[in-house]
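Chains as they are written, first to last, in this note's numbering: chain R, 1 to 146; chain G, 1 to 258; chain V, 1 to 385.
Don't read these hints as lab results, they were simulated from the structure.
Backbone N, C-alpha and C fix where the C-beta goes; we use that ideal spot for every residue, glycine too.
Selected chain G positions facing chain R (Cβ under 10 angstroms, derived; list incomplete): (1) A40; (2) I143; (3) M146; (4) R150; (5) A183; (6) F184; (7) P185; (8) R187; (9) L202.
Straight-line Cα separation of at most 16 angstroms, EDC-like style, residue types lysine to aspartate or glutamate; simulated pairs: (10) V/K344 - G/E95; (11) R/K87 - R/E48; (12) R/K67 - G/D147; (13) V/K159 - V/E149; (14) V/K344 - G/E100.
Single-letter residue listing:
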Amino acid sequence: MAMYNGRSIVTGLVLFFALLTFPFWYGLGAAPAPEPDLNTPAIQKLVEKKCVENREFMRANHMELLKEWRNAVVRTGNRVYIAGDGKKYEMSLQNTCLDCHANIPPKQVKTTSNQLSQVQFCNSCHSYVGVKPDCWTCHIQPKEGR
Amino acid sequence: MQRRSFIKIGGFCALGLGALPVARVFAGSNQTKYAANPEALPGKQWAMVVDMQKCWEEGEPDCTDCILACHQTHNVPDIGSVKEEIKWVWTEPFENTFPEQKHAYLAESVKGKPVLVFCNHCANPSCVRVCPTKATYKRSDGIIMMDYHRCIGCRYCMAACPFGARSFNFRDPRPFIKEVNGAFPTREKGVVEKCNLCEERLAAGLVPACVEACKHNALVFGDLDDPESAVRKVLRARYTIQRKPDLGTKPKIYYIVS
Amino acid sequence: MLAKALRGSKGYGQWVALLVALFGIGFMYYLAQLQQGLTVTGMSRDVSWGLYIAQFTFLVGVAASAVMVVLPYYLHNVKSFGRITIFGEFLAVAAVTMCLLFIIVDLGKPTRLFNVLLYPTPNSILFWDMVVLNGYLLLNILIGWNVLEAERKGVVPPKWVKTLIYVSIPWAVSIHTVTAFLYAGLPGKHLWMTAILAARFLASAFAAGPALLIILCLVMKRISKFDAGEEAIGKLASIVTYAMAVSVFFVGLELFTAFYSQVPGHMYSLQYLFVGLYGQGNLVPFMWTFTLLAIIALVLLLNPKTRTNERTLTIACVAVFVSLWIEKGLGLVIAGFVPNAFKKVVEYVPTLPEVLITLGIWAIGGLILTVLYKIAVSVKEETAR
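For reference, chain R alone in the conformation it holds in the complex (with noise of 0.2 angstroms):
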């Protein structure tokens, strides 16, 4: 079989190929994955640390439960959770989760900035992984204002 181009298909298809895995190579002796910070007075207070689920579930479905949250509030108006241990807590990521996970200083946080609440907690994650969460733009840290 004859091949028309040869050689500039074959250069092409090196380039696209080592370019569709460059984030593999890239990423590779990269830093070690970030453990985040959960050293918050709110946190420090609580006998049993844990969240709302155990630690295993709040890594691997943290964003569903947001998403579970957010949506049995705005659309249902159900605002308690109760959680598999029983316990229950009041689904508001500002009111709830940030109570305990806030843990820069209030005054980082300036709210006049579009980036703003750079939640330590959240985003040692996120931005190692690179996912940009867009909560921010309209939920606010707590701490300051009140």
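Here the structure of chain R is known, so what remains is to put chains G and V in place on it, guided by the hints.
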């Protein structure tokens, strides 16, 4: 493998993937994971009576307590231009609020007087009818609610609302909020917003912020479905009017003007 | 077949370059709009739709170019249209694409566009408009491309194409009807809430679409070897004449209903359009331009001598197109918001970024049209040999 059978299998796979979310919904655990706040105020059809007579007679001329309370509670920005103004509750002259009541010999008691206006939380809302994503919808307690996560900013609801109750975020509102209420979110550039009848306060067992803020109790809030509620009592006793009732949207805000 | 669009005369290259440049400028300004929000436009809390939605509304009408050649050809065997159905369909493709783009640039949150599909809402007319417009676009792409492909190969188009063609005829009616319903069902918007709005949209569509098609055919006759033929142009001109007359008649009906009844709500917007309201009337000069152009168009079209003369026919078609752009675009959309819910007049003036983004989308439409027409003309020139 035959091309035909490959396409067939591929098609079925795609179909299966498409059905996956549906299956998930049905397979999902239906245990009661969510509940309403036990303190939440129960209501089937919230409504408000705005006693403007009381406001005009007893209130201080420049009083804006209700407006301030609402706008502070809900992080409503002060954009500072008429063009891009965002407001949940404000006043309009009597003649502009009730254009069909306007005539040359209006009583001095109403002539040019400011009337409090906000979302009418219509029982037959045209904004809900036109929204292409159900971002604005009617709750079972009659509140016309907005899901700011879902709004695409087409502004069809603004065209459909005959009461001018809706504002659009032409730009990022954050820099225009002087005092941020950390307990409530802001909105973002590109979505429509309006009065939510303080559903977040009702859920916590509180009456709307504007009602609470009024020193003269000119705002009466309650459940239309309950014959003994405060609104029903006022409606029985006083003559009330509504904005543009002829349009059939069935507004749930009533006004006392004389 | 696409390759035919890549080769052309120097003039062709320059024209394409101009359109690409205009698109580029518009795109830059769109990026700014994405960054800053719709604050870069002249739209306001009171006039919440402006130039973009006006273009969208008018261009839905232009898409009628397809049905006005397809219907006579396939249902009434008007043979002379056989040569130009493809151009009607390709014009519809360009017009509908522009419609969709104008909706997208008007969105506050374009990244959430697909929420319309994720949360389908049949009670919203916008949902149905999305369905019919995309359907019409797809139909015309499929039909146009396959008919042209068949013509190039000198064979009859496959049978399913014929079925699609028959489907496309009522479908064309649906795009104007549904677009009119976007407006006609809103309480409190008296200018829009008229039962004949869909009929008005159909009438002006059947005038504006074929008028542009006539202009394009005459241009092609000049710059290429393709001639639509006197008979086809003549028949199209008759269609434009009837449709324009009906369209103007319908505007007259609105004026009668409002001003004879003297119901203020029905008069306000029309007063704002033609004489101004409370001393404000940005659209007044536009509406009188519409009136003047509509009269010129009708005089030229109704007179057989000027209708059959290419030069005067071109003037008439340009007058039809521009007048309807004012009436069904700017006038209808903007004046619908005037006066506002509080009987106050808030005026709207588009900003430069808004105008340039609009021009950019017209340039994309022009590009699509140019490329598709180039291919079609090349095929026609080839098969004529």
